[in-house]
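**Q** Sequence:
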Amino acid sequence: MNRKDMFSKDEQRFHTDDPLMSEQLSECLNQWLPNQKDVIVICIGTDRSTGDALGPLVGSMLRDQPLKTIHVYGTLEEPVHALNLHDTIKAINRLHSKPLVLAIDACLGKKSSIGSVVLGQGSLSPGAALKKDLPDVGDYHISGMVNVGGFMEYVVLQNTRLHIVMSMAAKIAAALRLTETKRLNEREAHEPYRDFLAATKKQQR
Numbered sequence: 338m339n340r341k342d343m344f345s346k347d348e349q350r351f352h353t354d355d356p357l358m359s360e361q362l363s364e365c366l367n368q369w370l371p372n373q374k375d376v377i378v379i380c381i382g383t384d385r386s387t388g389d390a391l392g393p394l395v396g397s398m399l400r401d402q403p404l405k406t407i408h409v410y411g412t413l414e415e416p417v418h419a420l421n422l423h424d425t426i427k428a429i430n431r432l433h434s435k436p437l438v439l440a441i442d443a444c445l446g447k448k449s450s451i452g453s454v455v456l457g458q459g460s461l462s463p464g465a466a467l468k469k470d471l472p473d474v475g476d477y478h479i480s481g482m483v484n485v486g487g488f489m490e491y492v493v494l495q496n497t498r499l500h501i502v503m504s505m506a507a508k509i510a511a512a513l514r515l516t517e518t519k520r521l522n523e524r525e526a527h528e529p530y531r532d533f534l535a536a537t538k539k540q541q542r
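Per this note's numbering, the sequence shown starts with residue 338, numbered consecutively.
Be a bit skeptical, because a hint or two may be false.
Claimed, not checked - Derived CB-CB ranges, DEER-like:
| id | residue 1 | residue 2 | range |
| --- | --- | --- | --- |
| 1 | Arg524 | Gln495 | 27 to 33 Å |
| 2 | His527 | Asp355 | 30 to 36 Å |
| 3 | Thr518 | Pro472 | 30 to 36 Å |
| 4 | Thr518 | Lys447 | 33 to 39 Å |
It is worth saying that the hints were derived from the structure and are not from the lab.
Note that the Cβ used here is the ideal one computed from N, Cα and C, for glycine as well.
Make a model of the complete structure from these sequences and hints.
**A** Here it is, written out as structure tokens:
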């Protein structure tokens, strides 16, 4: 659970109520994420708190169907949270060479921002809303504004509406599935060209 009171020029903001949110988020993801590299998606949070369950919900929704260019860590069954975040990052660095990481986490902010989803470049700080000292995560990040910050955050998270979190998670997961489809199509479109280059190199030897 991170905290966001200000928005920067390196961020794109969407809203869950927008029927086109998934398509718009997917379009930005495809523009920002290099297609030649697989993406490691770390869905941070815990199923023990409604407000902090955004990440694991997204992870579980993505695990429902196989993905080829996106690797998911963090689900309702196996969440990535404060107690295992360090070990998860170590495992990712061991299993994936120079991983490109997209971190997903819920966040607290202003009342007017509830329901907003922010895509940003750079890392996020999980645990910041609850004053926890955890490592920054991600080359890119998605933060979902689930409730108001600044006062009794633990109580606020426990009393966050499940409908808001579920709707947000479904649209983020849909955006990532759209992104996966576009990435696969782009790779397949470039496959004949790569085959041609490989054949040309063989002839020149």
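**Q** Each hint should be assessed against the structure and marked as holding or not.
**A** Verification of the supplied hints:
no., hint, in the structure
1, Arg524 with Gln495: 27 to 33 Å, "violated, 43 Å"
2, His527 with Asp355: 30 to 36 Å, "holds, 32 Å"
3, Thr518 with Pro472: 30 to 36 Å, "holds, 32 Å"
4, Thr518 with Lys447: 33 to 39 Å, "holds, 34 Å"
Hint 1 from the earlier list is the only one contradicted by this structure; the remaining hints agree with it.
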